[in-house]
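Student: One-letter residues, chain by chain:
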Amino acid sequence: MNFPILSIITFLPFVAAVVMLMIPADRKTEVRGVALATAAIDLLLSGWLYLQYLLGGMTGYQFIETYNWLPALGISLKFGVDGMSAPLVLLTGIVMFTGVLISWGDYDEKHHVSAGIQDRPREFFAFLFLLAGGVFGVFVSLDLFMLFFFYEIAVFPMYLLIAIWGWIKTREYAAMKLTLYLFIGSVVSLAGVLVMYWTQYQNTGVLSFDMLQMESAGFSSTFQYIWFLPVFLGFAVLGGIWPFHNWSPDGHVAAPTAVSMFHAGVLMKLGAFAALRVGVMLLPEGAKQWSWLIMALASIAVVYGAYIAFVQPDLKYMIGFSSVSHMGLVMLGISTLNQTGLTGAGVQMFSHGVMTALFFAITGMIYDRSHTRQIPELGGMGKIMPFAMIGFIIGGLVSMGMPGFSGFIAEFPIFMGVWGRQWLVAVFASISIIITAAYIMINIRKVFFSPLPENLQGHVGDITVLDKVAIVALCFFMIVIGLFPSVMVPMVETGVENIMRLLGGA
Amino acid sequence: MDFLNTHLLSLILFLPTIAALIMLFLPSGETKLLRWFAFSASLIPFALTLVLWSNFDPDMTGFQFQEQYMWYEAIHSTLHLGVDGISISMVLLTTLLTPLAILASFSITDRVKPYMMLFLFLETGMLGVFMALDLLIFFVFWEIGLIPMYFLINQWGSANKDYASMKFMMYTMGGSLGLLLAVQMLGVLFGTYDLVALYERWNSLDPGSILLGLPVHTVKTIAFWAFTIAFAVKVPIWPFHTWLPDAHTEAPTAGSMILAGVLLKLGAYGFLRLVLPFYPLEAKIFAGALALLATAAIVFGAFGSFGQTDFKRLVAYSSVNHMGFVVLGIAAAGLAAGTADAHIAMNGAVLQMFNHGLSAAGMFFLVGVIYERTHTRNLEEFGGLFPLVPVYGGILIFMSMASLGLPGLNGFVSEFLVVRGAYPVLKIYTVVSMLGLLFTGAYILKGIAKVLHGPMNEYWARGEHKLTEINTREILVVVPLMILILIIGIWPAWILEVINKAVVALF
Chain F
591 MNFPILSIIT FLPFVAAVVM LMIPADRKTE VRGVALATAA IDLLLSGWLY
641 LQYLLGGMTG YQFIETYNWL PALGISLKFG VDGMSAPLVL LTGIVMFTGV
691 LISWGDYDEK HHVSAGIQDR PREFFAFLFL LAGGVFGVFV SLDLFMLFFF
741 YEIAVFPMYL LIAIWGWIKT REYAAMKLTL YLFIGSVVSL AGVLVMYWTQ
791 YQNTGVLSFD MLQMESAGFS STFQYIWFLP VFLGFAVLGG IWPFHNWSPD
841 GHVAAPTAVS MFHAGVLMKL GAFAALRVGV MLLPEGAKQW SWLIMALASI
891 AVVYGAYIAF VQPDLKYMIG FSSVSHMGLV MLGISTLNQT GLTGAGVQMF
941 SHGVMTALFF AITGMIYDRS HTRQIPELGG MGKIMPFAMI GFIIGGLVSM
991 GMPGFSGFIA EFPIFMGVWG RQWLVAVFAS ISIIITAAYI MINIRKVFFS
1041 PLPENLQGHV GDITVLDKVA IVALCFFMIV IGLFPSVMVP MVETGVENIM
1091 RLLGGA
Chain V
304 MDFLNTHLLS LILFLPTIAA LIMLFLPSGE TKLLRWFAFS ASLIPFALTL
354 VLWSNFDPDM TGFQFQEQYM WYEAIHSTLH LGVDGISISM VLLTTLLTPL
404 AILASFSITD RVKPYMMLFL FLETGMLGVF MALDLLIFFV FWEIGLIPMY
454 FLINQWGSAN KDYASMKFMM YTMGGSLGLL LAVQMLGVLF GTYDLVALYE
504 RWNSLDPGSI LLGLPVHTVK TIAFWAFTIA FAVKVPIWPF HTWLPDAHTE
554 APTAGSMILA GVLLKLGAYG FLRLVLPFYP LEAKIFAGAL ALLATAAIVF
604 GAFGSFGQTD FKRLVAYSSV NHMGFVVLGI AAAGLAAGTA DAHIAMNGAV
654 LQMFNHGLSA AGMFFLVGVI YERTHTRNLE EFGGLFPLVP VYGGILIFMS
704 MASLGLPGLN GFVSEFLVVR GAYPVLKIYT VVSMLGLLFT GAYILKGIAK
754 VLHGPMNEYW ARGEHKLTEI NTREILVVVP LMILILIIGI WPAWILEVIN
804 KAVVALF
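So the protein lines, in turn, are chains F and V. Just so you know, the numbering used here puts the end of the first sequence at 1096, numbered straight through with nothing missing. Just so you know, the numbering used here puts the end of the second sequence at 810, numbered straight through with nothing missing.
For the record, the hints were derived by calculation from the structure and aren't laboratory data. Don't take every hint at face value.
[Stated by the list, open to error] One-sided excerpt, in silico: chain F residues whose CB lies under 8 Å from chain V:
#, residue
1, M1006
2, W1009
3, G1010
4, P1075
5, V1077
Note that CB positions come from ideal geometry on N, CA and C, so glycine has one too.
Could you build the full structure based on these sequences and the hints that come with them?
Tutor: Pasting the structure below:
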């Protein structure tokens, strides 16, 4: 029996959530301590997992654990990671750890400003960890039923987190919109998945949700043609695919900082990952037939998202729409169905996750101190919080796809993959690079370098040490991957090879 | 010693970055320490470049000091470095100008640490372009260099810096978009980014075959213009030049020195390293168009310069004018590829790149010297300053004469070579650019006359505004430039030898 590392990573947040709920509500420091310790352990474990996979030169599914859950229906708790999901597990660990750091809750005596989560941190962290556990569960599940199970677990706490701790003006609207969108999407996918389950039973006589088994279920190409779109798009809603993206920026804006980080950093990857895992890998024929549509939607998302981000006066909306644009690139990479494009998509999921978490973290730091996110009302933050400024600039460079940072490493193969399919799409999507550069540079200049508005003078202080730790941790990954692509790309490639095998060779 | 010899290029390339990272840990209050650290750190790559130059064998064809490391395996891109006669002269120019620019920046008092760090990062970015033998690595460094320059202009520039830095960024990135797409296409088609391999395979494509649903020659024509526009923006060729006067004018003095001295050469270098070898046929077909734009740059650059009342803008437009000769030489070489004319024109173009690097950096520095003292760049507010600052005046006249192309100084040699090479193949354009050269003389003399001669503006003669003479540090910045200008003017063989061998081998 090997060390059950995946179960520990997945269930530790649930256990911690229960533990925190048993601590008296007024002992905030203890609650935060438990949260931080749990997040740190999960980060270390997921980092260890990642390094094991990378340095061990592993391929295929590894660290597999199987426990019977409901044998009569063929449901088992089957965990395992491959080159595609291991980086995402690490990503979740990073976002969880940094999310706790920046939510720590701090009162700046000098400027009378409170940052982080002051209101009911116990419940906040408990819900956040439910969310994190659900996300881990999706990334490591090899059983379709369990994947769904964790998927819903991840969506549900989002509603409470946004509705209770969110931005007071839109939180109820946004929470409701988000939940409805995601549930409708997942119901559509669920229908598809159940049909797949029964069709497999008819074809092979096996009752099983095991995805590895389902790969050889022998779905007819008509079946795949019909069911690919519902399954793929149902999950892709969570990935923010155009035109089903508009829950996403609203959700980002209303959510508290750590939840926005999770939402954009990890949750949207969940959608893209599940769409890839279930849609493309189990229905490869359908994917081939519909890839033109996915490519069209994705390329619109890339340019449209960038353009809308460009005109947003609200910093969080800007990042929200830039996420739509960048997730469009992930979808674009998936839609190429070739080695380079899919590899790029895999790296882009990680890269965008870290980058957008960083963006939302810094936006949260600014908002907590200045109480505005309106870009025209901000200014002069560079002198007050230089650390946040450097972080934001690095994030911006990643977002622009500047070479030397992870964004370039991810976007370049995506575009190469698109060239392999349809060069016009590559030319069209490349417009987004310029738009992104423009809004990132304009906003950096306005928020950090223009003069500090009078009403903010004396009220805004620097960020805390914990915030700085979070920023350094996030920047670290973007720079290392940017300079040394071999720390991630070969691993993602092994995952892609598996997908290519299912798609029937390169 | 062995390590040094086998890793010379990567040492030169990455030492500035390493120095910048070390600076991160130096106390930001110790401005003196930071300045001297940055300066001495930038001298090391220069010293290593001298070693490189002395070990360089001009008689060997192909690239020397090659190094290759795996970088991005998935898309077959390697960190492949190497230099030939063309790139080694550009490397020398870069490593020479960076310490001088840093020395010129000792007068910066605001946020010295990030300023110096950005300069060192910038040096790595520029050197990377000149050393790259991998198309993707070329593009990587091409883009990386933008960021430090953007922030140097945006943070340490003068009044209109926001507009100028944004315009610089958007023009260059927008121009590079076509390059990016073309680079991707080449990578997808051939599965490698190695320049040497690409030269061969791209040029041996069957002209009748179909690529991406289009005939090969159409694809090549589109790709040719994608490359050309990216480099034309950077050079800049008329009509893509309008970012340049703004960026140069608003940038801090040392920023302008590097911008005019090295960054513009990146564009011209792109023509030499990528456009001509990749598209010999298209370069021939479109040589007329390129020559037309180059002539327009020479003539309009001169007119534009003559019309300025801002001293720095005058010098900025002169860059458009001078870089026009580089492009004229390139156009001629493309048209007459393989002939002696092409070699002469190309020799002239490369030498002109080097020479313009020296004289433009010197001119911008001298403008900066007077601006720091008077806080104005308006030519109308100067006048008759020669008696007040005789040393400065002498240096300014020397530098201006180099820029004007006075025989005996460097500009003459290279412009003569370009014109000599271009005349047999591009007669009309060459004649028109020669006429443009008249206006070069006019604007340079106008600059000197407005600043140094005429009735003295008494405002600068006494009181607290009294104009002070150029100081020792500033003389130290400008003297190396002057020496090189004079040496190349009198005895250009030492550098032309190196350039010529590479040019003959390549074109």
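Student: Determine for every hint whether it applies to the structure shown.
Tutor: Cross-check of the supplied hints:
| no. | hint | result |
| --- | --- | --- |
| 1 | M1006 | holds, 5 Å |
| 2 | W1009 | holds, 4 Å |
| 3 | G1010 | holds, 5 Å |
| 4 | P1075 | holds, 5 Å |
| 5 | V1077 | violated, 11 Å |
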